[in-house]
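> Make the full structure from the sequences, and use the hints.
7 is the number of the first residue of the sequence shown in my numbering; add one for each residue after it.
One or more hints might be untrue.
As the list claims (entries may be wrong) - Pair by pair, the computed Cβ-Cβ distance ranges are: (1) V89 <-> Q57: 14 to 22 angstroms; (2) G52 <-> S86: 29 to 37 angstroms; (3) D74 <-> N51: 12 to 20 angstroms; (4) D49 <-> Q84: 32 to 40 angstroms; (5) N50 <-> D93: 17 to 25 angstroms; (6) D82 <-> S26: 33 to 41 angstroms; (7) S26 <-> P83: 34 to 42 angstroms; (8) D49 <-> T79: 37 to 45 angstroms; (9) N95 <-> T55: 14 to 22 angstroms; (10) S22 <-> Y94: 17 to 25 angstroms; (11) T79 <-> T44: 18 to 26 angstroms.
Rather than coming from a laboratory, the hints here were simulated on the basis of the structure.
Bear in mind that the values here come from a model prediction, so they are computed numbers and not experimental data.
C-beta atoms are modelled at their ideal positions from N, C-alpha and C, and glycine is treated no differently.
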Amino acid sequence: MLFNSAFAAPLTSGGSLTFSGAIAQDPCQLTPGASRITFACQDNNGVHTQQIGLQQVAQGDVVLPGVDHVSLTYLDPQKSKAVVRVDYN
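Below, the structure written as structure tokens:
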């Protein structure tokens with residue numbers, strides 16, 4: 007009988023995560039609504055508030071100050087629960 011080494015390798019738990027750098031800007035504040043999400047993002051000129059439709063967010067078609075990418079992933083077929091991910095510059 008042959009075994010693949012990936013299956014025979016021992017499992018380990020633990021490890022470390024190292025963060026270096028600094029948080030230079032506050033994250034955007036998100037307020038979900040029935041059909042839109044309100045984003046309040048701060049830059050050097052103040053807070054920019056923008057309401058964006060869920061479909062537009064799901065398509066990744068979002069431009070906000072200090073934000074590289076926004077995505078929305080539904081967790082159920084009814085689209086009643088979702089996760090919004092914001093990647094900052």
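> Which numbered hints does this structure break?
The structure breaks only hint 8.
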